[in-house]
Amino acid sequence: MMKNFFMICLMLGSLLTAYGQNLAITGSVTDQNGVPLPGASIVEKGTSNGSVTSFDGNFQITVDSGDATLVVSFLGYKTLEVPVNGRTSIQIQLEEDSALLDEVVVVGYGQVKSKDLTGSVKVIGATDFNKGINNSPGQLLQGKISGVNVTSGSGEPGSAIDINIRGVNTVRGDSNPLFVVDGVPLDGGSSGTEGISGLGATRSRSPLNFLNPQDIESITVLKDASATAIYGTRASNGVVIIQTKKGKEGKPTITFGSSIGFANVAREIDLLSASEYREQTARLATIVGRDPNSYIDAANANTNWQDEIYQTAITQNYNFGFSGGSEKTNYSVSLGYLDQEGLVRTTGHEKVNGRINIGTSALDDRLKLQLNLTAADLTDESQATGGSASSDGNLITSALRANPTAAPWDSNGNVVTRTGATDNPVSFFDLYRDRAESKRLLANLSATYTILEGLDYKINLAYESADTDRYLRVFSNAADGGSIDTEQVTLVAREDSNKLIENYLTYTKEYETFNFDVLAGHSYQVFNNKDVRFRRDDFSTTEIDPIFNLGIAQGNAVIGSSNTERKLQSFFGRANASFLDKYLITASLRADGSSVFGKNNRYGYFPSAALGWKISEEEFLKNSDVFSNLKLRVGWGQTGNQAIPVRVTQPSFNISFDNSFVFNGTTVVNGLGISRTPNPDLKWEVTEQFNVGLDWSILNGKISGTLDYFNKTTTDLFLEVSAAAPSSVNTVFVNSDAEIINKGIEFGIDANILRTEDFSLDFGGNISFLNNTIEGLQTDIFVGGISGPGASGEFSSIFTNGESAGSFYLYRFDGFDASGNEILSANREIVGDALPKTIYGFNINASYKNFDLALNFNGIGGVDIFNNTARAYSSAASLAQNGNNIYRSYLDVNENPLVAPVSSSRFIEDGSFLRLNNATLGWNIQDAYFLDNLRLYLTGQNLFVITDYSGYDPEVNTAGGNTYGVDFSAYPRPRTIILGLDLSF
Amino acid sequence: MKKQFIILIVMLVSILGYQSCDIEEKIIDEARGEDLLNDADDLSLLAPAYNSMRRVYGHRWFFALQTFSADEGMVPTRQSDWFDGGTFQELHRHDWKPEHRYTRETWEHVTTGLANATLAVDFLETGTQEHAEAVALLSHFMWVALDAYGQVPYRGIENIDFNADSQILTGADAVNTIITNLEFAMPNLPTGKNTVRFTQDAAKSLLARVYLNRAVYENRYASSFNFANEDMQKVISLTTEIINSGTHALETDDYFSLFDPDNENHKEIIWAVKNEKNSVVIGGRSITRNTTNGLSRGYIYLSPDGDFLTGSDAGCTLPDFLDTWDSANDPRYFKASYPNQEGTIPLSQYKVHRGFLEGQLYGIKNDNGTPIINADQTIDIVPVQLWTRDQSLANHTREVSLIAENQSVGVRVSKWGIDDIGTNRDDTGVDIVIFRLAEIYLMRAEAILRSGSGGDALADVNAVRVARGGASFALTSANLNDVYNERGFEFYWEYHRRTDQIRFGTWEDSWTDKTDTDPNHRIFAIPPGPLATTPGLVQNPGYE
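Each protein sequence line maps, in turn, to chains A and B. Taking this note's numbering, the leading residue of the first sequence gets 1, the next gets one more, and so forth. Taking this note's numbering, the leading residue of the second sequence gets 986, the next gets one more, and so forth.
No wet-lab data here; the hints were simulated from the structure. We put the CB at the ideal spot given by N, CA and C, even for glycine. Warning: the hint list may mix true and false statements.
[Stated by the list, open to error] Stretch by stretch, here's where chain A covers chain B in the computed footprint (C-beta under 8 Å, at least three residues):
1. 1026–1037
2. 1160–1167
3. 1228–1241
4. 1376–1389
5. 1485–1499
6. 1517–1529
[Unchecked claim] Lysine-lysine pairs mimicking BS3-like chemistry, simulated, CA-CA at most 30 Å apart:
7. A:K567 with B:K1011
8. A:K622 with A:K509
9. A:K368 with A:K567
10. A:K530 with A:K622
11. B:K1011 with A:K599
12. A:K530 with A:K509
13. B:K1262 with B:K1219
14. A:K530 with A:K582
15. A:K499 with B:K1011
16. B:K1011 with A:K439
17. A:K368 with A:K245
Extracted from the complex, chain B is given alone in its bound form (with noise of 0.2 Å):
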């Protein structure tokens, strides 16, 4: 008896033991943080704003939603590529569902660059110039998100409490809220030339935009804006300032080098989104990707570090479009990097041409998909053939449909510059032009034209023509038509087309495989989820 009372006590403290086993979950590989924000130096703590902007602005998002829903550009179905669930043909024909993929993570990156920029606010100090940066962001998040959206989640710039819901802003109240915001991070901003940076041109830019844009935002659906002749003033001295700042120049020799890799600080950017080749990767949307997915992909390209790559036969542009254009004389249309003929050149020359892609492309000679560059170092250029797929020849035509006969059809745009290193085409050194001087101009010339005073509309609008082809190029005169058709040349494929056609009327017109008139599709819808868990969102008319 008194050997089992012995092992029953053991057992009993064996059970005892354990009754005190700890549940607490210990989090061993990460970092939790918590000191982190306390110590973290102001840049920190506003790098994640800033890399939001990346991703809205990668080449799915916003530039999809910016540039394949507009008449300037359309990713057609070939064959068995790119239908993709239809999203590319619901984009272009203007009948995306809620659930649409891009324009649901068009807004979870907006909205985590809400987020984001909103936590800097809080974090950083008032007075500063990081500070100002913070709000200034926050103002370019909102605005991206109520000039798609209609609705904007906010929590204000003080004594934010981030347990409380935000309030949805919309129409006149966002505008306002993005116009004090601006004004008040203004003086803290920093001035001259810095284009990786919020400066206060890119503030006075922004605030240009919203104003030029107010009528649309304060009555979406009006079958005509009424475009107040205060906020076309506002307009005309915010980008009068930019303008005789003098900080900034048109481009006069090479319009395509705004879009090359090195276009950091390129004189006539105001505010661009910096991408290095070592800056994070954003999942594949760079927007160097906007040139290589168009390429065919029979065309063989030399990437800068010497790899060959190959385009995916994607998005082009749209005849309507590209009838508007003069195209035998404006060098916005297309820069040859070599001759575009048969021949033999140095492969040292062998680069990507710019610009509109039409009729049949040249390339390097390839024996099924491998280069070959002859002893001296020269290569030939011949026609380039798909062998991968059709077979067809990459002879880009005008004409096309959102469901293609082929690969080949359809006008590509070389517009961005090709920064690609190895097999991963997201490093890129192209930064994403926000804002221009070539916009600032033709900002000034709309809003002259739209109150019918405070200056010179047409030499606005030559000022960016001679700029791009010599003293000929110019207008005789200049109405609002001219600025929308320039604007067209100047920002083509630049995220400005839907903003623009939603603003000249001409968003319901028809054009190749597009015929919706639905003015409840000036904006997008509220995806579901966020719908479902975000109080005070509701759904966009037309959408419900």
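The following block holds chain A by itself, in its conformation from the complex (with noise of 0.2 Å):
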């Protein structure tokens, strides 16, 4: 210890040495008005050597004699430069650049100057990102763009996120958008659900857990078919395009970061105490003619169950990294550490990743490489809390049910089976356990070749990995008298894995009045997914945990694996022109051919066409002192969706247990059958898409905003549809005639509502309104089977013609009746909507002297939430006939205890809310030593939501995939108080 104390001061020691010798220069850079603009950079001029301004706009930088020039660059002003002349003090004000707008927005293949866009595309950076994320990198996003719907699912550590952009438009699968990362287009599909029939089986992660939030540089949004076009088959949900940081020319920056978080259930469930639970039941047991006494348990305890279960959840997150470049060469590489806890007990996310940019430049600069890296190491501990789980079998539902008389441990401290009706939710911890172990990389090395001016040839080739082993344990306590009578081990060893080369020319030319540029190319990318899985029952031992050691399980095992793979080729091209800056052109067309299309339709081609006009350049504009900016854009393209399953095109035959027959009465003789009714006309689904759209800013800048209509309808929907009786296998794959029509309007605005010398305040927001509406369905569609009790083969939701995708189809709920017995239509109805109609956020910024502060608001309204959880153990029945305990909320209606719930609109809720989803107050020491920037702040995540959802949060889904809008056993959702810091130098 004492040892390393000394190498650090030798080495603080000697850094500070190093500056002592040449001349040292302090100085501030400030915009026209005298404000501070933290973060400008500083480069002496010929070297590598840079600083960055501090948050008051100081910085301190050593050039090597005084002759030396500064070159100071900020984003949206004028770039100077400033001769030292000597000087070791010198205050530097910068010119905002009237060409604000040449921001550079990253595309599909390419990038586009922010002014020229034609496309509804959006762009988040760095600092205007969600705080205090650690994982699900879609978070980040939350609230931020108008029409993405981004909603996790539940609250445990990285669990998977929805995201929508403009509404859902396939029926099966899931409608999350096309994530490209750095260039590459990843799998997505990856992360499966696996389970314990019986017990809950946890939803999927995200796909993009294995990127560190502090890695992304920005996160571009392609919302319209005229940006998203360029990506073909994958495109209909939209695309999301990451990059992440690279290095920047100049002194080499060393960042650290650390944070330390706390999270607590944000809202427990409202349940009744042990005492109303007492009361109630003794008031129950004579209607019901049960002895009052039998709902006591033995131990007559006050117990709070989901105190039990639940904990202050501790995350620390760590991270590293430096960058930095030369003329020729950066680069940027980063270390990252995340152990999260889950709210549950005994949950959790772990998680090391690593990530190594690099970009260098050769022959005259006409060559650049580009190299980037990530690698990542994850490990989730989960607990069945999955909404499939049966009545029995889930930690969250038996918590909520178990009688408050019970207690978690007998007296001499063993933990108790049961509790009441209900397995000890304590001794699930025990009982079951599930681990996945996750190995992620991502590689891609990227070249562009200059063969003559304007003239670029790239090639991108990729590699993306997954790798995860998912082992299930669970141990049976039915000789103790519990309901979990398996005992089983399972792995699930998945490996997902993609290729791509990519090979593109483009070409870009500059006229006084006309630019144009051209983009042709060539893709072709290859996804392997296999899987292992061992299952086996009976343990010899429980002296260890089985799942680190499958052998001391002895009975049947059960091992099957599979191996598939898919190949997506794609020709693709795009121009973009521009005349007298004021008219702008762009078209493109993908043609992509999968081997997942069915024989007869190998290829689809998605063309797409915008124009862009700017107003405010026309003469009668031009002067005006109203419009800074004034731009329509309309649009229109084609996308495809390609979500198919492998292997449906092709007709199979088998030999299989599965049709077997035991002719002798002895001898199985397994039999020949049709393993699948093949389609080989199967094809992509195709969406069209209409915007148009309005960019405008006023008062020089100072407000902005856009606003876009849109009208999308998806058609040829990919259904998994009765066959043509009589048939071996009932189902096939088809294309629907079947219409998915979304229509919005989206709406943002910026504002710059001060700015002094001392204080700033910006205010932004964006809301859109959607309309989703189904047509052409031959037959309706039922989906989201209800999980829990008394519900086999029930579905809550449906896609049914002139409704929006996945409304709710219940029955209608009209009050009780005198004997308290539920008032229900005589057929099912459709009592609610799982999409939401309207989506907002909006943000407030404001910083005073070396502090600052940034709220965030998200909502959405005009939806609904079918509360399954309380429809099977809230009810009068629930409780004086099973003993389980229910929600406070029962003691305002008079039910009868005879009769149980059925489902209906009586569980549908409403599902608006409006969350300040992240606050974050920040304090940027000055002159802290050597350091450019210090920076302590405190976030708080999910601080309040205001809604009438009466589960744990507004913001769920339990079902995935097609199925939105359910609560069943949700995962509640933390409120997190985070303390962190960040230093660089």
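Can you join these two chains into the complex? Each is in its own frame, and there are hints to help.
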């Protein structure tokens, strides 16, 4: 320890000494009004020596001599060269670049100046991200972009995020967009859900978990078809392009960040207390003819079961990185460590990830090379909490309904098995284990060669791999009277990988009144998905955990594996042109051929076209005092969806046990059967989208905004329908004539309300209105099997003509009759809307001297939730008959305890909410030794949510896939306080 | 410039190299088996058709349709259990909708059976036993489709074109085709005793059943059926052939042995759907579930392999049906496996009672579900009480309603033997009895009474009654109503009741919580999915 300390002193000493030998300059950088510009770059010209201004705009730099020149740059301002002339103190004022909109936006296979965009595209840079996000990069965007609905299905660390761009436009599968990381389209559908039958399977994990949010430079969301069509058959749900941080020319920047977070259950469900439970059971006992004493557990305790299974979850996060670059080469390296506990005891998420980005140029800068490498090791520990669990075997519902007069431990400190009608929730921690160990790798190497001035050739090679071993283990407690009579260990080893090669040429030419660029390319990507699964029962010992040695299980082994390959070949091209810097035109075409399409339909063609008109450049507006920018965009395009399972286009016969028969009474003869009803005509879904948008800014850019209208129609819907009878396999995959139509209006605004020397105040907001309708289905499609008791084979949701996707289809509840029975409609009907009609977010950023405050709010409206947890367990019958604890709201209704509730609109609740998603208070400490930047911050996540919803949280979907807005045993959402420190030098 | 030229060439080559990237789908983890069709042995080709019978006859499928819609069974909603979207209530009240889960799934299994049997007919060589079996099985699936849905998608048995639309047979066409096909298959079917495979006696049994119900199938919605004399004579001659063959004999000792795990080649059974513990499980739908589901959740029973299991408090029978019984004297009503009262017995004697479980049930003493076994391997027998749910005593009263007042009401039916092993309630060796000699006698008695000629109906009814309860159990006279009741006693929970009630005109009667009188409900709806995609299928009347 002593030695280490000495080493550090030595290092620091040598650093400081090194700076002492040359001319040290201090100074500040401000705008024309004297407002300090934090983060401006100061580089000694001709060297890699550089510095960055601190929060108050001050900087220090040590230059070789008094003759040096400083190059000062800041985004949105004109770069300035300042000769030092021997001064040691320099005040620099930067001039705003009138061409503020020259900001470059990354789009598919290229980049475009923001001012020249013709599509509906929105970029969020690192400074605008939601703060304190350690996982699930999708959450960085929540509430930030109009038309984008980000829903984390559960509060479990690392759980999957539904990102829905401009509504739902498919019936099968989910509606998540295509993710493109540093130019590599990810496989996406790689994180699967596994489970042990009858026990809670945990939901799938976010496919972006391997990325460290700290490493992300920007996220670009391509919303309309004119922007996404270049991605063809994978673009109909929109495209999210993620760029990771690259090194910048200048002196090395070393960054270190750490944070510690404390999370608690934000809102507990309001259940009967033990004393209320005693009162109510005593009252109901006579009605149901049960002995009142029979409800009271022998322990006669007062237990809050939610407190027994939830904990204050601590999250630790450390990030270390260095970056920098010279004229030719830049690099950015980072290492991150995250240890996140879940709110449910024993659950958590641990992640180690590292990233190396290196860029260099050669051959007189004609050849540019870029390598990006990300590796991550993720470990998830979960519990039996998933929505597919049966009535027993689910930790969260067990805790909600456990008898509050029971106790988790007996007088000897041993865990009891039963707590009334349910297994002791605390006993699950020993009985059940779900551990996933995942290794992720994303590597890509690109080379760009400038053949002629303006003509570039680029090759992009990439490899992505996700290798996940998931262990599920459960011990039986049946011998002790518990309900889990399964004893098994399951290992599912999955490996999902893909390889990509892309070649493309771009040509750019600028004339005085006419600019254009063209792109032509080819891409080939091969996806491999394989898994090996083992299941074994009956453990010979419980001394060690069978997940570490499958050999100690001795019962019948189930072994299986699968290995499938998908191939995608694409040709694509695009042309952009601009005339007189006023009129913009873009057209693109992609041809996608995929191995999952039927042999009669191998290639799909996806065109797009868009026009832009910079009205503010016209003579009549050019000198307007009002509009500093006004642009009209009109776009049209077609995109596709190729979420087709492998193999379904090809016939297959098999000899299988599934078709076996025992002819002689003893010997099994496997039967020759047909595996599926093939459809060789199967092809992609087509989504056609029209978009018209207006970008505007007024008052010299102080207030800017966008307004978009879109109309999106998906046809050739990919459905699994009944095969014509009689057929051996009852279903067949077809492209249906049905349509899903999404129409909407999106509005976004940004305003600099105040900017003085000490104080600044900004406001940003967005809102979108969305309407989703289905037409032309031949038969209704029922989705969302209802979990829990008494609901076998019931579905909560429907795809039906004239309604929005996944509308709730249940009996209508019209109150109780005099005897306390539910009054229900004769038939099921549409009783709720699972997709929000309104999505909005707004944020307020303020700073005063060294302190800054950011508040981010987000919310949705016009949406319903099916509270299936309440249906299953919160009724008088559940309490009176089964002794389950129930919601306190039951006290408000006079319900017949002899009859259990039906799945009806009684459990459809308003899912609207407004959340203070994120609040961050930061303090930028001045002049902290050699540090360029030292920042302390306090972030609160989910500080409040305004909602009428009675479950844990209205932002919920435990069903996943094509079912929306269902809450069954949702993992509660945390309220988190994070204290963090970032420094760089 | 030369350098750039070289680079350009390299680029072009690499681009062109990938122009030819292949996107053919190669399936590497599945044998697609084109050659299987040529090499497969006959039994492999036939197995799927037999296997499909197991699904059709699964406990939630044809069983539920025949039993829980009839006056002999009900799955009441028991507080939070067994509502299941109203499926069982709808079955009971006769207000099922076209999308009803179990009418849809049964249709799917029946049409899979039709397709699998048709494939086997096509693959197998005409003139072989296996080909004849395939035709017979096809006929059986056709009969189920006709009986339950009134429409039969059919591809024929010669020159089958799988790409053409199927033909939809109804009424007389369907009946005639079934009869023709069975007569075509008959000569190549085996004679003698074999309860596992379709024999000539099985084909004759099915023919007799079709003739007996022909008047119903040809005029489904009639207010009364006109049973043609020639059909009844066909029934009489076919049943007489089976009875006189001497191949089968009525069980005279233990009625419940017909439904035991080792019932293969039982002397009374003509054909049963073979189940072995090592058979593939069919998705939680074994015949044994009919018993285990109905047992009390508080009743801890011992499975044959020594595991303690509990029931699910599901299905029960109905008071009006029980009232038709001579419960004190009919040995089919109840058979105690151990004294159903407090006491102490050796663990080895602890087996589930058979028949109707009425009144207070007694079972192994336990501590909140943990069975207590005494040191000398005896167990104490105590009143069964639920410990998990409403704590009610397992006192199975006759009175029950569709929304049961507690978990325990309703008389439980323990007819089908239990053969659970381990935790998988689907593993069973109980074969599902389809045709047995008692049915042959009772069909003949019915045909004699309906036609007024051809034999001695009372003797046939009494043949069955005396086999069950001895000479003193014989009736002194037998009319059609006696036959109907006797069928109820003999075949309760055995896939007959709905068909019987329709034929005997009691289907539109009222019973506990059932008042529907709509004759359209004599058959079920065609599910919307296949209705939309199968040319020729039309929705049945009353379901449009």
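Hint-by-hint comparison with the structure:
For the stretch 1026–1037 of chain B, the proposed coverage by chain A is satisfied: 8 residues have a C-beta within less than 8 Å of a C-beta in that chain, meeting the threshold of three. Counting residues of the stretch 1160–1167 of chain B whose C-beta lies closer than 8 Å to any C-beta of chain A gives 0; at least three are required, and the coverage claim is violated. Coverage of the stretch 1228–1241 of chain B by chain A is violated. Counting CB-CB distances below 8 Å, 0 residues qualify, and the rule asks for three or more. As drawn, the stretch 1376–1389 of chain B meets chain A at 3 residues by the rule of a beta-carbon pair under 8 Å; at three or more, the given contact holds.
Requiring three or more residues with a Cβ within less than 8 Å of a Cβ of chain A, the coverage given for the stretch 1485–1499 of chain B is violated, as only 0 such residues are present. For the stretch 1517–1529 of chain B, the stated coverage by chain A holds: 5 residues have a C-beta nearer than 8 Å to a C-beta of that chain, and at least 3 were required. Restraint check for A:K567 and B:K1011: satisfied, since their Cα atoms lie roughly 10 Å apart, inside the 30 Å limit. A threshold of 30 Å between alpha carbons decides the hint, and for A:K622 with A:K509 the separation of about 26 Å falls inside it, so the pair holds.
This hinted pair checks out: A:K368 and A:K567 have alpha carbons roughly 29 Å apart, not beyond 30 Å. A C-alpha spacing of about 60 Å is found between A:K530 and A:K622, which places the hinted pair above 30 Å, so the restraint is violated. Of the pairs offered as hints, the one joining B:K1011 and A:K599 holds, with about 12 Å between alpha carbons and a cut-off of 30 Å not exceeded. The hinted pair formed by A:K530 and A:K509 fails the criterion: a straight-line CA distance of about 46 Å is larger than 30 Å.
Restraint check for B:K1262 and B:K1219: the C-alpha separation of about 38 Å exceeds 30 Å, so the hint is violated. Annotation: proposed proximity of A:K530 to A:K582 is violated, straight-line Cα distance about 52 Å (limit 30 Å). Between the alpha carbons of A:K499 and B:K1011 the distance comes to roughly 17 Å, so the proposed pair stays at or under 30 Å and holds. Distance hint between B:K1011 and A:K439 is fulfilled; the C-alpha atoms sit about 27 Å from each other, no more than 30 Å.
Restraint check for A:K368 and A:K245: satisfied, since their Cα atoms lie roughly 17 Å apart, inside the 30 Å limit.
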